[in-house]
Every structure is written in structure tokens, then in C-alpha cells.
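Asker: Take a look at the letters that make up each chain.
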Amino acid sequence: MGEGQAARWDGRERHDAAGIRLLASPGSRRHLPTRTPRRVRTSRAGPEWRSSLAGIEIDDLSRSFPTIDGPPLLALDRLDLSVADRQAVAIVGPNGCGKSTLLRCVGGLLAADRGTVSIDGRIVGGPDPAAGIVFQEARLLPWRDVAGNVGLPLELAGRGRATRDARTAELLALVGLTEFATSRPHQLSGGLRQRAAIARALALGPSVLLLDEPFSALDALTRERFGFELLRIWSRTATTILLVTHSVPEAVVLADRVVVMTPRPGRIAADIAVDLPRPRQLSMLGSASGSQAAAAVRAALGETTGEATIEPRTTEPSPADDAGDLRDPLAGVGRPAWFDPFGREEGR
Amino acid sequence: MSAQQGRHRRRWSSALALVVGAAIVLVAWQAAIVVGGYEPYLLPGPLEVGGRFVTGWTDGTIAPHALTTLQEVVLGFLVGAALGVPTGVLLARSRIAAQVLSPYIVAAQSMPILALAPLIALWFGTGLLSKVVICGLIVFFPVAVSTMVGVRSVDPRLIEMARAFRATRNQLIRQIELPAALPAILGGMRVGATLAVVGAIVGEWAGADRGLGVLVNLARGSLFDTPLMFAALLTIAILGVALYLVVVAIERRLVADRS
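Line by line, the protein sequences are chains D and R.
The working numbering numbers the first residue of the first sequence as 11 and each following residue consecutively.
The working numbering numbers the first residue of the second sequence as 233 and each following residue consecutively.
Just so you know, these hints were derived from the structure itself, not from any lab.
For clarity, every value in this text was computed on a predicted model and none was experimentally measured.
Keep in mind that the hints are not guaranteed to be accurate.
What the hints assert, rightly or not - FRET-style restraints, in silico, Cβ to Cβ:
1) T77(D) with Q303(R): 52 to 60 Å
2) S299(D) with I328(R): 44 to 52 Å
3) D175(D) with L351(R): 51 to 59 Å
4) V332(R) with P139(D): 50 to 58 Å
5) I328(R) with P289(D): 55 to 63 Å
6) N402(R) with A183(D): 29 to 37 Å
7) A230(D) with N402(R): 39 to 47 Å
8) R242(D) with V332(R): 34 to 42 Å
9) N402(R) with P139(D): 38 to 46 Å
10) G186(D) with Q303(R): 49 to 57 Å
11) S193(D) with A260(R): 50 to 58 Å
12) V332(R) with D281(D): 52 to 60 Å
Ideal placement from N, C-alpha and C gives every residue a C-beta, glycine not left out.
Take these sequences, add in the hints, and give me the full structure.
Answerer: Below you can see the structure in the form of C-alpha cells.
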């Protein structure tokens with residue numbers, strides 16, 4: 011507790027120092043407090059103050075992870091971000107910049123070390139029905155059919171069979187999977203599986219849809235189509251979208267805003283508005299404002315990766331899984347493979 | 233169409249292989265008797281054993297013993313499996329439970345059941361209960377261990393997914409961990425099913441008035457009917473194979489449609 015207090019008083023300086031020293035020499039930070047994950051529910055502003063605000067409000071969010079042989083790794087450093095209701099925001103950044111950590115904090119899967127996340131004015135204190143998550147892999151249960159998978163959140167929430175069936179049918183129709191209701195996940199293509207995952211995420215009628223590189227397991231063509239499929243679903247469900255992606259064109263075509271993050275410690279480097287009309291089309295990438303936005307994102311990314319190249323490799327660069335692996339959310343740090351316009355994701 | 237034909241042919245050829253294999257074994261058995269000149273009380277021929285097997289079943293010598301043993305095996309298996317699965321989940325998910333319980337479970341398992349059987353017969357009598365206890369003990373270990381391994385190796389990403397949709401601890405076990413671990417659990421049950429038969433026979437030797445183990449002893453000792461002994465052994469083997477096949481069939485029904 012006392013340690014937590016100390017971190018609150020002079021946290022900024024320590025974290026900055028941590029960041030800089032991490033770049034210089036990874037072994038010289040033993041005096042830093044070892045942070046264990048804990049929930050800090052206090053907020054400077056207080057929840058009632060903005061209870062009327064819909065959307066996502068991230069306030070002063072920090073999160074670090076213990077490392078095996080060294081000081082904790084600061085994944086998010088006092089991050090502020092607000093996403094307006096029904097806005098689509100894409101988060102891009104090099105591997106290990108804390109994108110997935112951010113998404114998991116918003117979804118309530120990870121507790122913040124400090125700071126708060128609120129959805130629709132309520133502070134997130136754990137997995138929240140207001141947030142539906144789509145992961146990098148579809149993560150469907152192989153022993154259930156598609157309808158059973160889509161209805162899983164309803165079942166877990168204790169909804170009755172009739173409600174469940176009606177809602178599941180509705181969701182399957184929304185994502186265009188009605189004819190596959192009784193198929194098993196392994197019988198579906200990657201794109202269809204991911205659609206089922208989106209339907210599942212929407213089951214409890216969340217106001218926020220969180221997508222953690224949902225396209226990265228798909229091939230390039232499917233990926234392109236799937237992006238527009240997502241936009242169509244979005245337009246019909248009226249959710250706020252937070253999308254983590256590696257692809258700049260994807261981010262520009264899909265989002266209203268593109269947030270570029272820096273690695274270690276994870277901070278926001280740039281917040282670029284995409285001024286394209288909706289419905290979006292692929293050709294808009296070539297338009298003046300489209301290419302302008304893409305250029306701005308690339309420029310911001312260039313700065314962050316310029317920094318990344320002088321980083322020492324403290325973590326082993328494991329293949330493309332900074333999103334999937336729970337135990338080491340920062341695996342893949344130091345791998346500047348983010349430059350991946352529309353596909354060809356390495357690894358998976 | 234052609235795939236179906238292929239499957240058909242494969243099924244026929246595997247049946248043929250089975251028959252040919254059995255024929256070779258029987259011929260070798262008979263040849264050993266002819267060449268070695270063994271007396272029937274030492275090694276009866278396959279025809280003699282087959283005949284005794286049939287008469288044993290028709291005159292009601294084997295049936296009551298087989299039924300008793302079957303009952304012991306099935307009950308013991310169910311008890312052992314019913315205790316093994318929750319224990320395996322506990323061992324997988326609670327570090328303290330694993331540390332406290334593992335030594336006893338492993339020690340109990342490394343103790344030969346043959347040495348324990350007289351004690352169990354002393355405690356639980358010579359009736360059904362002592363056999364169920366022995367079978368349960370012997371089935372418990374493989375089921376518990378395979379459940380533990382299965383639950384531990386559940387994809388953590390599925391668990392995270394379920395957590396994201398606010399699964400409770402109970403829901404996590406019932407909806408995610410147990411179904412995901414089911415192939416491993418059934419693998420343990422396969423081993424358990426065959427061990428249960430061994431447990432029942434051992435239990436009967438330690439003290440019983442009915443059962444295939446008793447029949448083997450009777451045939452050897454008081455009746456001096458070696459062909460009957462062979463027929464009883466054959467019944468035990470058939471029982472073991474049948475139980476194993478039942479577990480395999482259940483396994484096929486439950487997990488074959490996953491990939």
C-alpha cells in the first residue's frame with residue numbers, strides 16, 4: 011500500500027526514468043518497486059462527474075508486467091484516451107507497444123496499476139457486459155456448434171433457452187452465418203469463424219466492441235472483405251469500436267481516428283483523425299485525405315520505430331503473438347514487423 | 233461413392249486380418265500340444281477349452297461368476313472415475329491441493345494392489361464392497377492424473393475468452409475446462425477400465441465366494457478342471473476387452489466431431 015502511494019506521488023518521474031534506462035541498460039533498474047497487478051479504482055475526476063458520457067474514457071492508465079529476471083516492464087504509461095460514443099478508433103503501433111494490454115484493460119481482463127477506464131461513465135472493474143471482445147483468433151469452443159458458441163455469453167449470463175435461441179438466431183443473421191448455425195468451428199473458414207466470434211462478442215448487446223487484431227489470422231483477400239463486413243455490422247449495431255491492428259491502410263479505411271502508440275513504455279504518439287466519408291470504400295485510400303491520413307500515421311510510426319531500433323533485446327522475440335499469449339503479453343517486443351499493409355502477417 | 237467403397241474394403245480387410253491372426257494363434261497353440269505332448273491338465277487344446285467355455289456357459293457354471301465380476305468392475309470403475317475427475321480438477325487448479333494430496337495419491341498408487349487387497353477385505357468384508365473399493369482405488373489414479381493433465385493443458389486463450397464473457401469459476405470448469413479436457417479424461421478411463429478388471433480379480437482372490445477370480449481358483453484347486461480355468465480366463469479377457477471397447481465407443485461419440 012505504501013508503495014502504491016509512493017508510485018502515485020512520484021510515479022511519472024520513475025516511469026520516465028524506467029523507460030529511458032530500459033533503452034540504455036536493462037540490468038540497472040533493480041531499485042525500482044516491483045509492481046504486482048492490482049486494481050486502483052480511484053479516479054481524479056470521480057465517476058459521477060462524467061456519468062452522462064457515453065463511449066470509452068481512459069484516464070491516466072498505467073500497467074506494468076513483472077519480468078523473470080529484471081524489473082517490471084512498463085506496458086502502459088499514464089495513458090489518456092477518450093473515444094466518443096459510436097466512434098471507431100484504430101490503435102496501431104509496433105509489437106509490444108501495449109496495444110493489446112490497453113485493449114485488455116478496457117475489457118476488464120487486466121487490472122490497471124493506476125488510473126481508470128470507464129465505459130459509458132461506469133468504471134471498469136472486471137470483465138464487463140458493456141464491452142464485447144473479439145480476439146486475434148476466433149477462440150470458438152470446438153465441441154459446440156456455431157450457434158452454441160455465439161450463444162455462450164448468454165448461457166454464461168444465465169439467460170433462458172428461449173431468449174438465447176432468439177438472440178442467437180438474430181446474431182447469426184446479422185453476421186450472415188444462419189446457414190452455418192449447426193456447423194462445427196473446424197468446418198468453417200477463418201473468416202467465417204471470426205464472424206462467429208464477432209456475433210458472440212455482440213451477444214450481450216455491448217456498447218463497446220473491442221477487437222484485438224481480428225484480421226491477422228486471415229489471408230489477405232478475406233481480410234479486406236472482412237474489414238468491410240465489420241463496418242457493415244458496426245453500422246447496424248451502433249457500438250463504439252476500439253480496434254487494434256498492424257495495418258495502416260486497414261486502420262485508415264475502417265476508423266474515424268487512428269491512434270499511434272509508442273513501445274515501452276506504451277504511450278500515445280499521435281492521434282490522427284481520418285476525414286473520409288462513410289460508407290467507406292477501398293478506393294478512398296487513394297483520395298487526398300485518405301493518403302494524407304495514412305502518411306501521417308506512417309510518419310508517427312516511423313518516429314516510434316526509429317526509437318525501437320536502438321532498443322536492446324531484453325525479451326526474446328517470439329513469433330507474432332503479443333496478443334494471444336496471456337502469460338507474456340509483451341512477447342515479440344523488439345520485432346519491428348508492424349509494417350504489414352493488408353496482410354502477409356508473419357507467423358500466423 | 234468410391235470413398236465409401238474404400239471404407240468398406242478396409243473394414244473387410246481388417247476383419248480378415250483379425251480372423252487370420254486368431255487362426256495362427258490357435259494353430260500354434262494346438263501345434264505346441266502335439267509337438268510337446270502336454271497333458272490336458274497342464275495345457276488343454278483350443279478345441280477342449282472352446283468346448284468347456286460353451287458348456288460352462290450353457291450349464292450355468294460361468295455365468296453367475298461372470299455376472300458378479302462384471303458388477304464389481306462396473307461399480308468400482310464408476311466410483312473410481314467419479315472420484316478421480318473432481319480430484320484431477322482440484323489438483324490442476326489448486327497448487328496447495330496438489331502439494332498436499334500428490335504424495336498420498338502417488339504412494340497409494342505405487343503400493344501393489346495385491347498387497348493391499350487382504351487388508352481391504354479385512355476392513356470391508358468379502359462381499360461386493362471390498363471389490364468396489366479395490367477397483368475404485370485402482371481406477372482412481374489414472375483418471376485423476378489424466379484429468380489433471382487435461383485441465384492443465386486447456387488452451388489459456390479459451391479461458392481468457394470465457395473470462396471476458398464473465399464466466400464464474402463453476403462455469404469455467406463445467407463449460408470450458410472439463411469439455412476441453414475430455415479427450416484426456418477418456419484416455420485415463422480407457423486405462424482405468426482394463427485395470428478395474430485386474431482389481432476385481434485380485435479382490436476376489438483376497439476373499440470372496442463368487443466371481444471369475446474365485447472360479448479360476450476353484451477350477452485349479454478343488455475341481456482340478458484346467459479347461460474350465462482356461463474358460464474362466466478367457467471370460468476375464470473378454471470382459472476386459474468389452475469394457476475397453478465401451479469406453480472407446482463413448483469416446484468416439486463424445487469427441488470425434490471436434491476436428
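Asker: Just to be sure I understand the hint, the distance between the Cβ atoms of T77(D) and Q303(R) should be within 52 to 60 Å; is that true here?
Answerer: 58 Å, holds
Asker: Is it true that the C-beta distance of V332(R) to D281(D) lies inside 52 to 60 Å, as the hint says?
Answerer: Once the Cβ atoms are compared, 53 Å apart, the range 52 to 60 Å for D281(D) and V332(R) holds.
Asker: Okay, S299(D) versus I328(R) on CB: inside 44 to 52 Å?
Answerer: 60 Å, violated
Asker: Could one say that the CB atoms of S193(D) and A260(R) fall in the range 50 to 58 Å?
Answerer: 51 Å, holds
Asker: With 49 to 57 Å as the target window, see if G186(D) and Q303(R) comply at their CB atoms.
Answerer: With Cβ atoms ~54 Å apart, the hint holds.
Asker: Just tell me: holds or violated, for the beta carbon distance of R242(D) and V332(R) against 34 to 42 Å?
Answerer: 55 Å Cβ-Cβ, so the 34 to 42 Å window is violated.
Asker: Does the hinted range 29 to 37 Å hold for N402(R) and A183(D) at CB?
Answerer: Taking Cβ atoms as reference, N402(R) and A183(D) lie about 32 Å apart, which means the hint holds.
Asker: For the range 50 to 58 Å, tell me whether the beta carbons of V332(R) and P139(D) fit it or not.
Answerer: Between V332(R) and P139(D), where Cβ atoms are some 37 Å apart, the hint is violated.
Asker: Measuring from beta carbon to beta carbon, are D175(D) and L351(R) in 51 to 59 Å?
Answerer: 55 Å, holds
Asker: At the C-beta level, are I328(R) and P289(D) separated by a distance inside 55 to 63 Å?
Answerer: Cβ of I328(R) to Cβ of P289(D): about 56 Å, so the range 55 to 63 Å holds.
Asker: With 39 to 47 Å as the target window, see if A230(D) and N402(R) comply at their CB atoms.
Answerer: Because 42 Å falls inside the window, the suggested range holds.
Asker: Measuring from beta carbon to beta carbon, are N402(R) and P139(D) in 38 to 46 Å?
Answerer: Given range 38 to 46 Å: violated, Cβ gap about 18 Å.
Hint violations for this structure: numbers 2, 4, 8, 9, all remaining hints satisfied.
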